[in-house]
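We have chain L already, so just place chain H on it with the hints.
Chains as they are written, first to last, in my numbering: chain L, 29 to 515; chain H, 31 to 583.
Heads up, a few of these hints could be off.
Computed footprint of chain H on chain L, listed as stretches where at least three residues anywhere in the stretch have a Cβ under 8 Å from a Cβ of chain H [as the list claims (entries may be wrong)]:
| hint | region |
| --- | --- |
| 1 | 70–76 |
| 2 | 86–98 |
| 3 | 156–170 |
No lab work stands behind these hints, which were simulated from the structure alone.
Everything numeric in this text was worked out from a predicted model, so none of it was measured.
Even for Gly, the Cβ is constructed at its ideal location relative to N, Cα and C.
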Amino acid sequence: MKTITLRVSRFDPAADAEPHFEEYIVQVNEGARVLHALHAVRDEHDPTLAYRYCCGSGQCGSCAVQVDGKPVLACMEEARDGMTVEPLALPVLKDLMIDLEPVIAKIARICPAPDAALPAREEIEAIKPFRDCIECLCCVSACPALQVTDFAGPTVLRQEMRLALDPRDSGDRITDAIEKGLFYCTTCKRCVEVCPKEIDIPGKAIEKLREIANRRGLTLPRHQEVARLVQETGRSVERTQPTFLEQVPEVIEPDGPVRGEVGFFVGCMFNGRVPQTALDAMEVMKRNGIRVIVPHDQVCCGSPLIRTGQTSFIDDLKKRNIEAFASRGIKTVMTICAGCGATLKNDYETPFTVKDVTEILTEYGIELPSKLDVRATYHDPCHLLRGQGISEQPRELLRLGVREFVEMPTQCCGAGGGVRSGVPEEAKALGAKRDECVKGTGADVVVTVCPFCEFHIADCTDVPVKNLTTILLEGYRKKDAERKGSA
Amino acid sequence: MVLYNAPTNKMHVDEIVDAHVLVVGSGGAGVRAAIEASRYGGVVMVSKTIAGKGGCTTMAEGGYNAVLRDRDSVDVHREDTLSGGAYLNDPALVDALVREAPERMADLVRWGAVFDVTEDREVAQRPFGGQRFPRTCYAGDRTGHEMIMTLLDRLDATDTHLYQEVSVVDFVKDENGAVAGAIALDRDGDVVLFRSDATVLATGGGTQVYDISTNSAAGTGDGFAMAYRAGAELIDMEMVQFHPTGAVYPYDARGRLVTEAVRGEGGILLNARRERFMERYDPDRMELSTRDVVARAIATEVLEGRGTNRGGVYLDVTHLSAETIETRLPVMLEQFLAYGVDIRREPMEVAPTAHHIMGGLRITPECRTTIPGLFACGEVAGGVHGANRLGGNALAETQVFGKRAGEFAGKAPARSGRIDPARIDEVTRMLGGFYEGAISPADVRKDLKLTMWNQAGIFRSAPDLRTALGHVRRLADKRLCAASTVNLLECCTVRNMCTTASLIVRCALLRPENRGAHVRRDADVATEPATSPFSHTYVSLAREGIERREVAA
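With the rest of the complex left out, here is chain L:
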């Protein structure tokens, strides 16, 4: 037995205006789960504590709660000393019990055709991953789109895809999915992160439903414009200024001895909209002895098309990009755009390794910059954090570059999944939430490593937003100025 302390959110609508926390000290067995700690609170302290549970083995989805802010199944998550237990972010009936019936009611039911026969094996295999869902609603609790839109929720869209795949179903799943918010998903993958069954709803359901919608001509007009642009120009961003590729040679040699060599996959945002950031990044590479090869025949990675379900000519883009780097014998391709990086890593099969700039810089080790005299916070790009599993490297670099680093809660800024162009009011509302978080940290600057996030957050806050490589470059310039001053 061991003793743990936990804080539990209590709320009785008959007596309380709002929820409050109570602290309890309980005895639990080694290996006890959160559920067992709640049992101990109920049995030893307060029999009126309200919470749901049933199977105790992760199969029924009754007991989902938030532990330290993350939705989990109470019966599977190990109890920790000092943990905080709250209900899911849904309307609360009492204490930890939420009203899950309205959400479950949105999950579509199969409408079997009268002559429905057993599906074939491949069809069954395609449907099965979607059937693992236990409707615990962790994903609904965690989804940022739900905070600002009437999106029905990730699992609701999961079910639409499950039904779309079933030859026995006679319903119109695409119309249904669009009504339930198919285009609201930013593909941030927070739902996958909290899903006890690890169902990839954005990748396997939402993007695929968008593909079917696309084949039926139901893609949003703004998304169709992007696809037309890519098809015509190879780029998802219109040329309004000299592009990055127009400003750099194919090979950018470092200042000092060559410590390494990478190919650079630029991406449309850096190439066309914020080329200066990419140019800054090249300065950082030069300073750190890394030769950068920039094939000029590279094109859009296809991410804006995959995320919005417009995949008809995606194979051509992949082929051109792989050829551009492979033909030059490049072994490692660097991305600075989180979206491109996640796409090359997850949607491509490449003969080369793909690494984010923060991976490259931490692996080689960098020359220390002078610390900028600012308090900085870091925004995790979804496609870097969850798309590529990278969270520590950018923080490590940022700590080298600024006087003070403060964390802020991680959440999608709204610029992924085609939402900024397709549903701008949603992106704006999510951006405003980021602004609140930024203000909460009291930071002088928001640092990130994704041009979509950088561009969008800058639109939503008056605190300056900068790329991590820009911060490093400014640190080097400060260092040079200090040297000059002391010389």
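For chain H alone, kept in the frame of chain L given last:
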């Protein structure tokens, strides 16, 4: 600490709901019954949990037995079921089970169930213990979950009214003594009266009365207890299946089911000396022997000192490919990983766990109980599985008998609608009494579970059983205390657990032989299953005993 301060309020009925058919329970049997009964209109289903999240169907992993291939036959399925049940089964019920299981499987497939299929587009089947043909249909190792999700889809297409998180406390009767509805508590502790022409009891099992159990928190035997109090007769309540393979650690996860599919897919059992000990207990069928045999074998290995330090044996699938484990046993893989064990690389540790109650309400093949107006199906009914249930027969039972109960309840004539008011007073008085109780239901529950595990578990004897009965009766007499309206339900549940436990122990004392899952170390009569002179034990408010039967010499 006690927040409720209004014990002076006389409990009263807050809401009245009328139904033609009232279905109590939302597992596989209850939902199937409601779907069928809805053809006759006026169905109300009452669920103690959120529908689909309660009960044991949702948790059932392994499969559903049905004869689907030409090489198999219902006669073989019947004989496997009878032989596995030590010939204590009611043959008419077995007949219905094996004949109709395939049709009910076809219903599920037609309604959208995602069972695994073969290359030839047939429902896939795998071998399960005690069966001579691999006839267990499955959806990975989440078969029951697949079924319940499909059934709820279908239920949604009917006009059934669903009351969720409403718990039936007791039945009410009309002036002729027929069941005419039920009294229930909703989430807030308000009293709801349901009036019905026919009532289907489908509350599932109750092995939560044991300290180590696979059942969900809802498996507290409410249906056995409520039906007993209403005067129904129950049979073979001593027949409790101990599943051979439950998790051993961590302590709070003890008893969690490790599906038979693990052995069906080729898992082997080893003792601490790494001996494949099933060779000594059933050399022909080995790990795929019947559950009673495997459970006793494991218990014996542990009792005789050949178990692991944690009191279990090893169940090993490391010789299977990682892909087989990932696709056929994903839930097992995930659950063990959560506790730090990768079953692709290391063996599981397992020990027996209370899993299923074979006994239950005495029913006819039309699911009629011994009281008019009350039908029963699923685990709460007795007689289908005899003295030992074959893995895969329970899910089939839910569908075959759920459909039957729904049909015959649906066809039941309309009643007067009158209800004996004294009964309502009695129940509300009982509920009100919980505010004046003194003992925590949690303490009684814990004591009861340990008593049942230690004195009425796998190996039994008359002195132990008598000790258990005395203790259970003392616990049943304790005046339970409800801290607030929402705790009334917990008091009712613990009261039901005490009743169910006493039924198990009483029947265990009535059967002097070793039969299937029931092992009396002090048995003074040696019997062979097929020729035993004993048939069902029975117990009701009016009588108890054991039936004798004529056996051909």
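Taking the hints in turn, this is what the structure says about them:
{"no.": "1", "hint": "70–76", "verdict": "holds (count 6)"}
{"no.": "2", "hint": "86–98", "verdict": "holds (count 5)"}
{"no.": "3", "hint": "156–170", "verdict": "holds (count 5)"}
Hint violations for this structure: none, all hints satisfied.
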